Amino acid sequence: MISAKLKTAALAACLAAVPTAAQAELPEPVRAMIDAAIETGDEAKVRTVIDLARATNPDDADELVQILADFEQELDRQERLAKAVEDENIRSAGLLENWSGKGELGAFMSSGNADNTGVTASLGLTKEGINWRHKLRGRADYQRTEGVTTREQFLAAYEVNYKISDRLFAYALGQYERDRFQGFGARYSASGGLGYDVLTQGPTLSVKAGPAWRRTELIGGGSTSNLAGLAAADFDWALSDTITFTQDANALIQSGSSTYVSDTGLQASISDALSVRLSYTVEHDTDPPAGAVKTDTLSRITVIYGF
Numbered sequence: 203m204i205s206a207k208l209k210t211a212a213l214a215a216c217l218a219a220v221p222t223a224a225q226a227e228l229p230e231p232v233r234a235m236i237d238a239a240i241e242t243g244d245e246a247k248v249r250t251v252i253d254l255a256r257a258t259n260p261d262d263a264d265e266l267v268q269i270l271a272d273f274e275q276e277l278d279r280q281e282r283l284a285k286a287v288e289d290e291n292i293r294s295a296g297l298l299e300n301w302s303g304k305g306e307l308g309a310f311m312s313s314g315n316a317d318n319t320g321v322t323a324s325l326g327l328t329k330e331g332i333n334w335r336h337k338l339r340g341r342a343d344y345q346r347t348e349g350v351t352t353r354e355q356f357l358a359a360y361e362v363n364y365k366i367s368d369r370l371f372a373y374a375l376g377q378y379e380r381d382r383f384q385g386f387g388a389r390y391s392a393s394g395g396l397g398y399d400v401l402t403q404g405p406t407l408s409v410k411a412g413p414a415w416r417r418t419e420l421i422g423g424g425s426t427s428n429l430a431g432l433a434a435a436d437f438d439w440a441l442s443d444t445i446t447f448t449q450d451a452n453a454l455i456q457s458g459s460s461t462y463v464s465d466t467g468l469q470a471s472i473s474d475a476l477s478v479r480l481s482y483t484v485e486h487d488t489d490p491p492a493g494a495v496k497t498d499t500l501s502r503i504t505v506i507y508g509f
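Using this note's numbering, read the sequence shown as starting at 203 and increasing by one per residue.
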């Protein structure tokens, strides 16, 4: 979206383009009113003022119409120029530039394979390109009680998207997990397919699905490798200026053992950079390793820093 500064420059340029003799035809109070609207940089206000001026000064309608036409033309030019500059900055950015993200740190309570409290930390990074989008994320949940580790869960993932259209994209995803209390020392998965941004304004909803492959290395020895299918959804809804509801869900379905994960959260902004998040995660394995339960839950409260 074009900035107020550019809007002001655009209308100032179009007013300057109108011949001085013609400008003099406008009554001074009308001219002052238009100038005041320009100073605000508010496009809607400028259009309203010019419409009122046309209604109250019908003899100057042609001049006012020309001012508005010049404004729209200059505004479009400024917008295209700003977009071209933005695109060039993205294209020329280095490998470590133009990343944005958030870090989380907090505590959790768990039930299922381990009933205790502990520490959770995560980091998510996103880099938006012209046609490509890169996502990196990592999470660690760790608990040590009286010298004994009672929870140890790690996740790292990298996803790349290619934007086919404004809403349709192709994705490739690689992921690593470790959870001794779920019975595996390492679990690797890879998936590729198509995604679609179903909702892009107000509530946002993005879905994706595709074939997948997963290899699981068990704590007790042995490993399994399977072809599978992945489906995921990401829903965000800003309930107010400071409160956001989030719902992420994904399923990796394979013969023998499938995994379903749901993460529900409520995030409250403290400042532009800081917020607090309450979340509840449910992970269900249809056929977990021996000694592990099918359903594991985790409640988190975290402080988020966005950058």
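Please keep in mind that the hints were generated in silico from the structure rather than gathered at the bench.
One or more of the hints may lead you astray.
Below, simulated DSBU-like cross-link-like pairs (lysine-lysine); rule was C-alpha separation at most 30 Å, straight line [as the list claims (entries may be wrong)]:
id, residue 1, residue 2
1, K247, K285
2, K304, K329
3, K285, K337
4, K304, K247
5, K304, K365
6, K285, K304
7, K365, K337
8, K329, K285
9, K247, K329
10, K304, K337
Predicted model, so just to flag it, every value in this text is computed and none were measured.
Within 30 Å, alpha carbon to alpha carbon, are K304 and K337? Holds, at roughly 12 Å.
Taken at face value, is the distance from the CA of K337 to the CA of K285 at most 30 Å? holds, 23 Å
With the threshold set at 30 Å, check whether the alpha-carbon distance from K247 to K285 stays at or below it. holds, 24 Å
Please work out if K304 and K365 have their alpha carbons no farther apart than 30 Å. holds, 23 Å
Holds or violated: K304 with K247, Cα cutoff 30 Å? violated, 36 Å
Keeping to a limit of 30 Å between CA atoms, is the pair of K285 and K304 held or broken? Holds: K285 and K304 sit about 26 Å apart, inside 30 Å.
Take a quick look at whether K304 and K329 sit within 30 Å of each other, Cα to Cα. holds, 12 Å
Taken at face value, is the distance from the CA of K337 to the CA of K365 at most 30 Å? holds, 14 Å
Restraint check for K329 with K285, where alpha carbons must lie at most 30 Å apart: holds, 18 Å
K247 paired with K329 [C-alpha distance capped at 30 Å]: Since the Cα atoms of K247 and K329 sit roughly 35 Å apart, the hinted pair is violated (cutoff 30 Å).
Hints 4 and 9 from the earlier list are contradicted by this structure; the remaining hints agree with it.
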